[in-house]
Every structure is written in structure tokens, then in C-alpha cells.
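Here the protein sequences line up with chains A and B, keeping their order.
Using my numbering, the letters of the first sequence map in sequence onto residues 13 to 411.
Using my numbering, the letters of the second sequence map in sequence onto residues 13 to 411.
Simulated from the structure, these hints should not be mistaken for lab results.
As the structure is a prediction and not an experimental result, all values here were calculated from the model.
Fair warning: there could be bad hints in the mix.
Each pair may be met inside one copy or between any two copies, as identical chains are not told apart.
[As the list claims (entries may be wrong)] Once the Cα atoms are required to be at most 20 Å apart in a straight line, the calculated EDC-like pairs of lysine to aspartate or glutamate come out as:
#1 LYS23 with GLU70
#2 LYS263 with GLU213
#3 LYS263 with GLU356
#4 LYS263 with ASP46
#5 LYS23 with GLU353
#6 LYS402 with ASP386
#7 LYS23 with GLU258
#8 LYS187 with ASP114
#9 LYS23 with GLU93
#10 LYS263 with GLU20
There are 2 protein chains.
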Amino acid sequence: MTHSAIRELLKVTEQPGCISFAGGLPSPDAFPLDEVAEVTQRILRDSGTRALQYGPTEGYRPLRAWIAEHYAPPDVTLSAENVLITTGSQQGLDLLGKIFLDPGDVVGVESPTYLAALQAWTAYEVEFAPIPSDHNGMQTSRLNSVWSLSLKFIYCQPNFQNPTGVTLTLSRREKLVAATAQRGIPIIEDDPYHALRFDGEHLPTLLSLAGRRQGGDGYAGHVIALGTFSKILSPGIRVGWIIAPEAVIHKLTLAKQGVDLHTAMLNQMIAYEMAHTGLIEQHIPAIIQMYRERRDAMLAALATHFPASVRWTMPQGGMFVWVYLPEQVDAASLLETSLEEQPEGPGPVAFVPGGPFHTQGGANTLRLNFSHSDIPTIHEGISRLGLALKKHLAVPALS
Amino acid sequence: MTHSAIRELLKVTEQPGCISFAGGLPSPDAFPLDEVAEVTQRILRDSGTRALQYGPTEGYRPLRAWIAEHYAPPDVTLSAENVLITTGSQQGLDLLGKIFLDPGDVVGVESPTYLAALQAWTAYEVEFAPIPSDHNGMQTSRLNSVWSLSLKFIYCQPNFQNPTGVTLTLSRREKLVAATAQRGIPIIEDDPYHALRFDGEHLPTLLSLAGRRQGGDGYAGHVIALGTFSKILSPGIRVGWIIAPEAVIHKLTLAKQGVDLHTAMLNQMIAYEMAHTGLIEQHIPAIIQMYRERRDAMLAALATHFPASVRWTMPQGGMFVWVYLPEQVDAASLLETSLEEQPEGPGPVAFVPGGPFHTQGGANTLRLNFSHSDIPTIHEGISRLGLALKKHLAVPALS
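When you get a sec, could you build the whole thing from the sequences and use the hints?
Rendered as C-alpha cells:
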């Protein structure tokens, strides 16, 4: 089944009665709505013409400076000149493709990986070198198989990855940074869920480890980092950023000029006001608590309703659980079953089949989002999916 | 002088005392700030979670429907499915490049043309076929010279073009539409200043003429139209649109998914509320009056302060006047002169040299923006520029 066919199929999730674990949406209850309304009013009152006027392509300077200060790891010195504001971090992926990638280039990716990264770079006619991952993230022991491909860069989501929810262990982070530094291969570190850790301690970012390796002397740019306000403030305002060496920021800025001139000023000013006043920081514990309870509910429901032949990941944060069905089960046809509305049936339930997150294979995997549904819905939805799965397993395959 | 060198030079315009006609900025006095503040507060209060959540890639449906209804010419039937919301109309240029252009393709452009269109499509490694223009816009009699180049499309700003300010006459519009229809070459009609006509009557758009030609039977898509809220509401919110056949919108949507997922929801909802309540429409006469007075002031100042050997355009709307210096004068070196701060001098004044708006030539032309400066500033700035010009003309060329 093609990605477009799956998109078509998932349109049914808009109908009432359908429970959807398909989207990658934050909970609307996680939006600090009153604070955003207040801050926005203040911006329009005090700096309205600035918020509505054209702005610099590089971004709103106070926001760039805040990000440089707030996201500089202990061993890396960053300034506003190292930060480009992007229209969501998705635009960061496209811009990096625009300046770095030519047809036929090879990009290393975790397998599975973020679908829209594949989509963004496929437009530049590149090849992907999949690096298998397990419950500890990218298997760095498998990197040897890709070195011969002269990779343009390696793309990695180290924390609570989309789609698998897994986190790259510290020792693998160190190996990845060392091995790529040795070979002069840049890493694109995409870390949208960074702040949403429910258990355990934060691990150092790849950016931080690269700085430490280098001896804390400035910022050599081995790791280019993507970040976003989408998961801690609002995805709908489309404000993200790229941290890169000045020379790369300069090229990205020229590319961004042709692409959308600049990111909306009002939105950047909202993000800045929410960030530098501490309003985002204050709000994060409430998001974490909500999502942790939802993740726990989903893991418990999976244990209750799914057959023993099915396995899944145990995410320490983020928004997704990843499910491995028995080898012979095709998740896309399970989706067809689970979306069928039957008179006496339990009602439809949706998820995203795992195939499209892979460059090849993965037909027996699927992604479940736990951040967007409340706990009763999670219980009901996973129960429905368990029934669909049992029904599906009971039908002998045609082939 | 390269475009980057000019950008560097123009950084000086940020210093106090410098008068700048360089930017393409609307007047901040043209922003309906109170109305935007009120509407934004209402959106965040009544539909806040929608405004802050991810939205569909195609755009906010009520806005798409409003644009389809409001911008459908008499002979063209449009629906929301014909509209993609873009992150400013600059993104429309990039997306059209992404889906239509391959390296080596040839794009027909007015000469001079909008700089950032050249920039957006240069990224796709295309060639440009310049079609000369005069005070009546693109010289359609010169189209014969480009047909042999198998153009991918022709790009045209028919109203108050950026940079020249000129308007394509009705008979040339008809010729352009007929000649391209006959050869199956699409037109990209970019019309950001449409509503800002100060004198005379609105001419039918190319979209409208193509529909009329076709006999008012639906929308065949010969003309793809770009529009924006930048000049009638706010450029800083980055909301524009593309009108195209459904099949093209579908391709553009897939491309946009990889590029920035969707345009900010809050911004689309602000545009929709301002548009469908008539608040934008009500506000336009005030913008027109302000800009008309500024244009008149600039034309009068040019007549007073510029030598007889200099000519300029008489824009019927928009934001720019275009100046032709004597053949031997290089506008980029005039800019160096006019930016020089001298102890007893009149102070620096900035403009954009015309070269970068051309694919070749144009060194003796320059663009002046009249929308962003008040009338006393326009008088003072043009007087300074007249002095710089006289000084420049007095120095014999080195060569």
C-alpha cells in the first residue's frame, strides 16, 4: 500500500466515533492558551507594527539570542549568529536539503525514521542508507556497513524518536559522534521532544558530545541541531530553529529568502515572550504529567488487549509507542480491518502503518500516538485494536 | 556589483539619519492594528486550540473557500479545492519551482522582474528568457523571440510591477493570454498589489481573460494565480495563496508537506476573520489614499530634483517608481555615493540598484519605494539623491 493510499484511508478518522492514534498531534490541553492570549495582546499593543511588518530572514534577533543561550550545551559556545529561525523544524529539513543535497547523494537515516524527513529529501532526488535501530536507538555497530557510501550526513532523532519512541543510549551517542567526527561526516540532530522526558535523566545531546570531544573550544559545526516550539508551546504557530556554524547559517539564510522570505514575525515574538519570561518552562511539568499518564495507560492497555505474539517499545518520553506485529501480519491491511465500521462492532480505530517510515520493509510495524487521546479513549481504542488484530490473525492469509 | 555586495551596502540603511527607499515595505500606518488585535483576541478566546494546533497542509478551509469565492473572475468557476494557502506568496514561487522545474528548464520573465522570483527559481538551476518591458509592461511583440526556447511557463506581474511599477495594458494582456494558450504554455500571474490601484480602472486579470477565452466553462488552469495578504493586511503574518487546477494543487500540497507541513493556523484564521468580516476591504481606501499622496510627492520631487537626462515610470498603484539614469551611469556606484556620510553633506539615502532585477544589463536603472516614507521624508530623500546624482554625473568616469 502506498503512502498516498494510507493517507486516503486515514481520512475516515475525521468521522465521529472513530478513535485515532494516527496523528502526531500534541494534546490541545497542553497549550498554554491563556498565557498565549495575554502575551499576544501585549505584543500587538506595544510592538504591533513590528509584529505585522516584514522581518529579517535570519529571524527575530532576541529569539535567536535566547535560543543560542538556552540551548548552548556546557562545551559549546553559541551566539545569535549560529541560529536561524525556521517555519517549523520541517522547514529546517527542507533548507538543509536545499543547500547540502544533490541528486544521487546518500543520506544516512535510522531505520525506521521520521517520515517527513524522507519526504523532504526525496524531493532532492537522494538515496537513503538505512541504519537499523532497536530499543536502544540507532545500532551504531551497524554503521560500518554505510561508510563506503560516502554519506552527505547522518540524520538522527536521539530522544523518543518519531516513530519508535526509543532513545539513543549514551554509549551509542558517543560512538556515533566519534565515528562521524573521525570521518568528517556531519550529523543532523533533530530533537523535537527533548523537553518531554517522563522518566530517567536527560542524556547529553549529540551537539553537546561533539563540543566535549572538541574540547569546549567554540563550535566546530560537526553537529547541526534542529529544534522547535511545536511540542512545548504550539505546533500551529510554526516556529522552529536550526543551530549551525555561521557559514552554514549564511547559506541557509540565502535559501530561506527564496523560500518564504522570513518566518512570521508575530509568531516569533509570541515564542520569544513565552520563552524568555519562563512561561514555557513553567508549563512543561503539566505536559509531562499528562503525557506520562497517557503513555502508562497505553502500555497497560496494550498488555491487556494485545496477543502475546505482539511486542512494543517502552518510550521514556515523547508522543509515540511503536508496535511489532508477528512477521506475517501486514499493518496496512490491519488498518483496513480496524477502520471497518460494523453494525455490532466496537467502532473504528486508526493508527499509522510502519512501512512508510522505512526505506524498505517494516510492513509488520505500526505507530501509535498517545499524546492526543485521553485515558478512557486510549483504553477503548486499544481494546478495539486488540479485537481487530485477533480477527485479523484468525483469517488465514490468501497467499 | 553582486547582489550580496549590494545587500552588504544596504545594511547601512539601519543607521539613524539614513533615508531609505530601498525596502519593499508597506507603511506601518497601513496596518489595521486595532482590528487585528481585536480579531486575534477573539480567535484565541473562541477557537484557541484550533489556532495553536497543527492544521491541514492545504490550508484553513474557510479561508480557502473565501479566496475561491472572492477571487473568482466572472468567467472562471473556482472552489476551495483550487486554493492552496502558502507561507506568503514567496512560498508559492518556491513550490511552483519544486513541482514544475528541472535543471536546464527555461522560464520566461519580464525584464526587469521580481528579484526574489529569480532567486527562488535559480535554486532549481533553470535558465531565464527575458522578455523586455516598457511603460506598458511586457512587450508582447517581443514574445516571438522566446517561443523557440520551449518555455516551462511565463511569469508576469501585470499590475504595478515590482520593480518597475508599470501596468500591463489590456491589449497586451489579451495578446499574452492568446499567444500562450495557443502554444500550451502556462502563465504564472503574480498580483500582490492588485487592490492598491490609485488611478484609473481595474483591468481584467490574466486569470479572468483566460477564462473568458475558454468560454466561461470551469477553469482549465492555463493561468496559475498567486495572491497575498501582505500588502492589504500585513506582510509579517506570511499568508498568501495559489489558485490552480485541483491536480496542480494536489502536487503543490505534497510538496508543501515536505517544506513546512502547513502555514501557521493562527495567521490563517486572522486573515480569514479580517477578510470575511469586510475589515480588510474597509481599510483599503485609507491605504490607497496614503500611498497615492506618497507617490505624488515622489513624482513631484523627482521632477524638481533630478536632472533632465533622467526618466522614471508613472505607477498607477503599488509601491515603486523605477528610474532610468543616463546610459553611462552605474546605479550601484551611485548608491555608494548616495550612502556616503559627509560632515557637511545632506545625509545618506538608499535605493536598490536595478541590475539584480535583470538577467542581464539594467546597470543604469534603480528602484525607489514610496510606500514606506512619509511625505517630508520623500522630499528630503529625493533632494539628497538628486544632489548625489549631480555629484556623480560631474565626476568623469575612470574608464
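Going down the list of hints, with the structure as the test:
In the homo-oligomer, the alpha carbons of LYS23 and GLU70 lie at most 20 Å apart only across protomers (14 Å), although the nearest pairing inside one protomer, at 37 Å, exceeds that limit. Neither within a single protomer nor between protomers do LYS263 and GLU213 lie at most 20 Å apart by alpha-carbon distance, with minima of 36 Å and 43 Å respectively. When the C-alpha separation of LYS263 and GLU356 is checked against a cutoff of 20 Å, the pair qualifies neither within a copy, at 59 Å, nor between copies, at 40 Å. With identical chains, the CA atoms of LYS263 and ASP46 are never at most 20 Å apart, being 38 Å at best within one copy and 38 Å at best between copies.
In this homomeric assembly, LYS23 and GLU353 come within 20 Å of each other (Cα to Cα) only inside a single copy, at 14 Å, whereas the closest approach across copies is 62 Å. In the homo-oligomer, the alpha carbons of LYS402 and ASP386 never lie at most 20 Å apart, since the shortest distance is 24 Å inside one protomer and 73 Å across protomers. When the C-alpha separation of LYS23 and GLU258 is checked against a cutoff of 20 Å, the pair qualifies only between copies, where the shortest distance is 18 Å, while the shortest distance within a copy is 43 Å. With identical chains, the CA atoms of LYS187 and ASP114 are never at most 20 Å apart, being 28 Å at best within one copy and 39 Å at best between copies.
In this assembly of identical chains, the alpha carbons of LYS23 and GLU93 lie at most 20 Å apart only when taken from different copies (16 Å versus 42 Å within one copy). Taking the shortest alpha-carbon separations for LYS263 and GLU20, only the inter-copy value of 15 Å comes in at or below 20 Å, while the best intra-copy value is 37 Å.
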